[in-house]
Amino acid sequence: MDLFWEGIAKAVALLAALDREVLAITWLSLKVSGIATLISLVIGISSGTLLALSDFPGKRLVISIVNTGMGLPPVVVGLFVTIFLWRNGPFGFLEILYTPTAMIIAQSIIATPIVTGITVASIHNLPPNLKLQILALGATRWQMVLILIREARLPLLAGVMAGFGGVISEVGASIMVGGNIKGYSRVLTTATVMETSRGNFDVAIALSLILLLLCFAVNYVLTRIQHRKRPR
Amino acid sequence: MTGLKKFLFPLIVLTAVVLTGVTTQARAASKAIILATTTSTQDSGLLDVLIPAFEKESGYAVKTIAVGSGQAMAMGKKGEADVLLVHSPDAEKKFIEEGAGINRRLVMHNDFVIVGHPGDPAKIRGSKTSAEAIRKIAQANALFLSRGDNSGTHAKEKGLWKAAGIIPEGQKWYQQTGLGMGQTLNVAAEKKGYTLADRGTYLSLKKTLGLGILVEGDPLLLNIYHVIEVNPAKWPKVNAAGAKAFADFMVSKKVQEIIGKFGVDKFGAPLFFPDAGKKVESLGL
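Note that the protein sequences, when read in sequence, are chains D and C.
Take the first sequence: its position 157, counting from 1, is numbered 158 in this note's numbering, and each next residue is one higher.
Take the second sequence: its position 267, counting from 1, is numbered 1291 in this note's numbering, and each next residue is one higher.
I should point out that these hints are in silico values taken from the structure, not numbers from a laboratory.
None of the values given here were measured: they were computed from a predicted structure.
Every residue, glycine too, gets a C-beta built ideally from N, C-alpha and C.
It cannot be assumed that every hint is accurate.
In the DSSO-like style, the derived pairs of lysine-lysine whose C-alpha atoms are separated by at most 27 angstroms in a straight line are [unchecked claim]:
{"hint": "1", "chain 1": "D", "residue 1": "LYS183", "chain 2": "C", "residue 2": "LYS1268"}
{"hint": "2", "chain 1": "D", "residue 1": "LYS183", "chain 2": "C", "residue 2": "LYS1080"}
{"hint": "3", "chain 1": "D", "residue 1": "LYS11", "chain 2": "C", "residue 2": "LYS1290"}
Ranges of calculated distance between the beta carbons of each label pair, as one might list FRET restraints [unchecked claim]:
{"hint": "4", "chain 1": "D", "residue 1": "VAL43", "chain 2": "C", "residue 2": "GLY1284", "range": "52 to 62 angstroms"}
{"hint": "5", "chain 1": "D", "residue 1": "TRP28", "chain 2": "C", "residue 2": "LYS1102", "range": "45 to 55 angstroms"}
{"hint": "6", "chain 1": "D", "residue 1": "LEU24", "chain 2": "C", "residue 2": "GLY1284", "range": "31 to 41 angstroms"}
{"hint": "7", "chain 1": "D", "residue 1": "TRP28", "chain 2": "C", "residue 2": "LYS1186", "range": "42 to 52 angstroms"}
{"hint": "8", "chain 1": "C", "residue 1": "ASP1272", "chain 2": "D", "residue 2": "LEU24", "range": "29 to 39 angstroms"}
{"hint": "9", "chain 1": "D", "residue 1": "GLY184", "chain 2": "C", "residue 2": "ASP1272", "range": "17 to 27 angstroms"}
{"hint": "10", "chain 1": "C", "residue 1": "ALA1077", "chain 2": "D", "residue 2": "PHE85", "range": "29 to 39 angstroms"}
{"hint": "11", "chain 1": "D", "residue 1": "ALA25", "chain 2": "C", "residue 2": "ASP1272", "range": "28 to 38 angstroms"}
{"hint": "12", "chain 1": "C", "residue 1": "VAL1073", "chain 2": "D", "residue 2": "ARG61", "range": "55 to 65 angstroms"}
{"hint": "13", "chain 1": "C", "residue 1": "VAL1073", "chain 2": "D", "residue 2": "LEU54", "range": "53 to 63 angstroms"}
Given the sequences, and given the hints that come with them, work out the whole structure.
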């Protein structure tokens, strides 16, 4: 247990000293996972809404596939993204393997099914007649969709949190496609793995605590937004 | 819609700002080289000293991918790395023979040590050779942790078993972690088992481990690092100039001096011994 307290002391010391490397790592984690979450929101909310509102044969199958994708293992995503981005692979000309960009791509792939799945569920959970009511009041189809998304925004924010939580905490894909390169693609999770294998448990604990704090801060802000009084 | 807009607008601005930053980073990629190396060079902290010096001097950005020597060479064989710093001599020779790499040069050495719980249940302390030590471990059915990841250390360990005429795979006392050196040492410490470790990683983790060196000094336990440039004739996308610059840097007189001094302040003894320009045979193999 001494180690644990030492780790906490170290975390406080690193934060208090505004250790440049730790700050950079924290900022990169936030940046990579934040952008990946945004990308997954754009793709996930639009495709999720489309999926929820349309009717076609095999819809249940597609939704099942999306729901399976919500549990997509990061290492699997990491492996496939690596193979595609290899220099001599199909997208090798982009030269983005072992860059933060590759990490954003992998994390977007991880988060998109989560956001899509939650979007489908939240739109489905709206009162079934709402759609008809909105249309009956003379809204265009496009306005109807926007109103539905707005009505479903509370569960959708849960989707944002789940997506962000999923990618900021994953390590498998980030270490494979990012390479854990010092000062370039090292994020909180990959740095924690490395410091643990170096036996620097105090630093590893410190990084973990920073990661937890970061997750808490982001979720706190999102929860505040979620629980704000509904505008009339 | 105002609520949603209020939320979205700053997000879009933030995305735009951040994406610009990311793309400018990506553009610098052609001046980058990929160094595939072993976990021991990273876990010991040596690369944290050498890489920034090289980047400053040459202008190249180095992407260090720390994996086992086996995986590093697999990356080289596919042209997915530019230069390798590895310690698995037999596999390296094969790598060169296959035409995957060129210009293999000796950089440094240290040695492997057999470490274990000071209680030493198999009584291997004082064994004259590494073969004798691991034979005792096998006879006592004492837990041995293997890297099991095709790394240079794993290759060395397999060589030791072979030399002792023992097939450990499948035995109950023989467990493969599949992890890097640092983590395997942690597992060995936790389970009070024996393992083979390079001295550099062992020394840098010693303070938290509670494992002692039980056998050392056998010429079979030498741990030799070479730098290899991936063959640009085979893989045109390889950054040959960058790879050569890094390899030259590693064997330069200045860097060899840094290597020889690395770790002295922290551990009282160097973690690596510089060998550039020497013949492997002169190391006492």
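Hints and how they fare:
1. This hinted pair checks out: D:LYS183 and C:LYS1268 have alpha carbons roughly 22 angstroms apart, not beyond 27 angstroms.
2. At most 27 angstroms may separate the alpha-carbon atoms for a hinted pair to count; D:LYS183 and C:LYS1080 meet this at roughly 15 angstroms.
3. As the CA atoms of D:LYS11 and C:LYS1290 are separated by approximately 20 angstroms, the hinted pair is consistent with the 27 angstroms bound.
4. In this structure the supplied range 52 to 62 angstroms holds for D:VAL43 paired with C:GLY1284, their Cβ-Cβ distance being about 54 angstroms.
5. Separated by about 33 angstroms at the C-beta atoms, D:TRP28 and C:LYS1102 break the suggested range of 45 to 55 angstroms.
6. Under the hint 31 to 41 angstroms, the C-beta atoms of D:LEU24 and C:GLY1284, about 34 angstroms apart, fit the expected range.
7. Between D:TRP28 and C:LYS1186 the Cβ separation comes to about 49 angstroms, which falls inside the hinted range of 42 to 52 angstroms.
8. The hint said 29 to 39 angstroms for the Cβ distance between C:ASP1272 and D:LEU24, and at roughly 35 angstroms that hint holds.
9. For D:GLY184 and C:ASP1272, the Cβ-Cβ distance of about 23 angstroms falls inside the hinted range of 17 to 27 angstroms, so the restraint holds.
10. Checked against the given bound of 29 to 39 angstroms, the beta carbons of C:ALA1077 and D:PHE85, roughly 34 angstroms apart, stay inside it.
11. In this structure the hint that D:ALA25 and C:ASP1272 lie 28 to 38 angstroms apart at CB holds, the actual value being about 30 angstroms.
12. A C-beta distance of roughly 58 angstroms is found between C:VAL1073 and D:ARG61, which places it inside the suggested range of 55 to 65 angstroms.
13. A hinted range of 53 to 63 angstroms holds for the C-beta pair C:VAL1073 and D:LEU54, which are about 58 angstroms apart.
The structure does not agree with numbered hint 5 stated previously, though it agrees with all others.
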